[in-house]
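Asker: If you want the building blocks of each chain, they are given just below.
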Amino acid sequence: AQTVTQSQPEMSVQEAETVTLSCTYDTSESDYYLFWYKQPPSRQMILVIRQEAYKQQNATENRFSVNFQKAAKSFSLKISDSQLGDAAMYFCAYRRMEYGNKLVFGAGTILRVKS
Amino acid sequence: KAGVTQTPRYLIKTRGQQVTLSCSPISGHRSVSWYQQTPGQGLQFLFEYFSETQRNKGNFPGRFSGRQFSNSRSEMNVSTLELGDSALYLCASSGDPRGYGYTFGSGTRLTVV
Numbered sequence: 001a002q003t004v005t006q007s008q009p010e011m012s013v014q015e016a017e018t019v020t021l022s023c024t025y026d027t028s029e030s031d032y033y034l035f036w037y038k039q040p041p042s043r044q045m046i047l048v049i050r051q052e053a054y055k056q057q058n059a060t061e062n063r064f065s066v067n068f069q070k071a072a073k074s075f076s077l078k079i080s081d082s083q084l085g086d087a088a089m090y091f092c093a094y095r096r097m098e099y100g101n102k103l104v105f106g107a108g109t110i111l112r113v114k115s
Numbered sequence: 001k002a003g004v005t006q007t008p009r010y011l012i013k014t015r016g017q018q019v020t021l022s023c024s025p026i027s028g029h030r031s032v033s034w035y036q037q038t039p040g041q042g043l044q045f046l047f048e049y050f051s052e053t054q055r056n057k058g059n060f061p062g063r064f065s066g067r068q069f070s071n072s073r074s075e076m077n078v079s080t081l082e083l084g085d086s087a088l089y090l091c092a093s094s095g096d097p098r099g100y101g102y103t104f105g106s107g108t109r110l111t112v113v
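Protein chains in written order, with the working numbering: chain A, 1 to 115; chain B, 1 to 113.
Rather than coming from a laboratory, the hints here were simulated on the basis of the structure.
By construction, the Cβ of each residue, glycine as well, lies at the ideal position given by its N, Cα and C atoms.
Take these hints with a grain of salt, some might be off.
[To be verified] Partial list, computed: chain A residues near chain B (C-beta under 8 Å): (1) Ser42; (2) Gln44; (3) Met45; (4) Leu47; (5) Ile49; (6) Arg50; (7) Lys73; (8) Asn101.
Start from the sequences, fold in the hints, and give me the full structure.
Answerer: Written out as structure tokens, the structure reads:
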């Protein structure tokens with residue numbers, strides 16, 4: 001069974017600075033998807049960034065980028081120029097490519113942004 | 001474009017009762033998935049429906065069931081509620097047959113007393 005591990009229960013960052021959230025996963029599959037979701041107090045899970053495992057290039061979405069290391073099964077999220085609105089719970093998730101497969105989530109990392 | 005709508009937002013039920021939660025996906029999305037979120041167990045997959053057919057099911061007891069209608073709206077039902085069923089229930093829809101993009105609703109907070 002696939003597992004996703006987020007080893008940092010909580011992180012803090014100063015506004016305008018950069019923070020990296022860690023995620024490792026375990027799978028025997030070669031093709032899969034990886035995601036970072038953000039869950040603010042409003043509870044809605046918001047997709048931050050996603051990566052297809054067969055793509056070697058790291059995904060980037062504005063201030064958010066990932067460091068995808070397939071061999072090491074590592075998928076970290078870097079947030080640059082942190083803003084107060086970035087404060088939330090961040091979840092790393094894995095999904096096999098076949099139809100109907102579930103998202104497997106990590107335990108989450110609470111990100112606090114200090115002004 | 002309306003997002004994923006879950007109703008109700010909050011629900012309080014008594015142990016032993018049953019409950020039905022509703023999820024309206026984004027227009028055109030045919031895949032609907034349900035997740036349970038608790039502080040102790042985190043986010044766990046319940047089931048996924050595509051075109052009214054259950055494609056995948058998580059490791060939950062038979063008290064948890066779901067269905068999808070022809071307009072892609074989905075309901076999940078929990079019978080004989082237990083205190084441990086108190087959780088945030090999240091619904092996600094996808095219009096991508098590969099499942100590469102999921103949009104989540106704001107969830108239904110169920111409290112069992």
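Asker: Does each hint fit the structure? Answer for all of them.
Answerer: These are the hints, each one checked on the structure:
About 6 Å separates the beta-carbon of Ser42 of chain A from the nearest beta-carbon of chain B, less than 8 Å, and the hint is met. Hint on Gln44 of chain A holds. Least Cβ distance to chain B is approximately 4 Å, under the 8 Å limit. Restraint check, Met45 of chain A versus chain B: the minimum CB separation of about 4 Å is within 8 Å; hint holds. With a least beta-carbon distance of about 7 Å to chain B, the hint placing Leu47 of chain A at the interface is held under the 8 Å criterion.
Annotation: interface hint on Ile49 of chain A violated; nearest CB of chain B at approximately 12 Å, more than 8 Å. Against a cut-off of 8 Å between C-beta atoms, the interface hint on Arg50 of chain A holds, since the closest Cβ of chain B lies about 7 Å away. A cut of 8 Å between beta carbons decides the hint on Lys73 of chain A: the least distance to chain B is about 19 Å, and the hint is violated. Here the hint on Asn101 of chain A is kept, as its CB sits about 6 Å from the closest CB of chain B, short of 8 Å.
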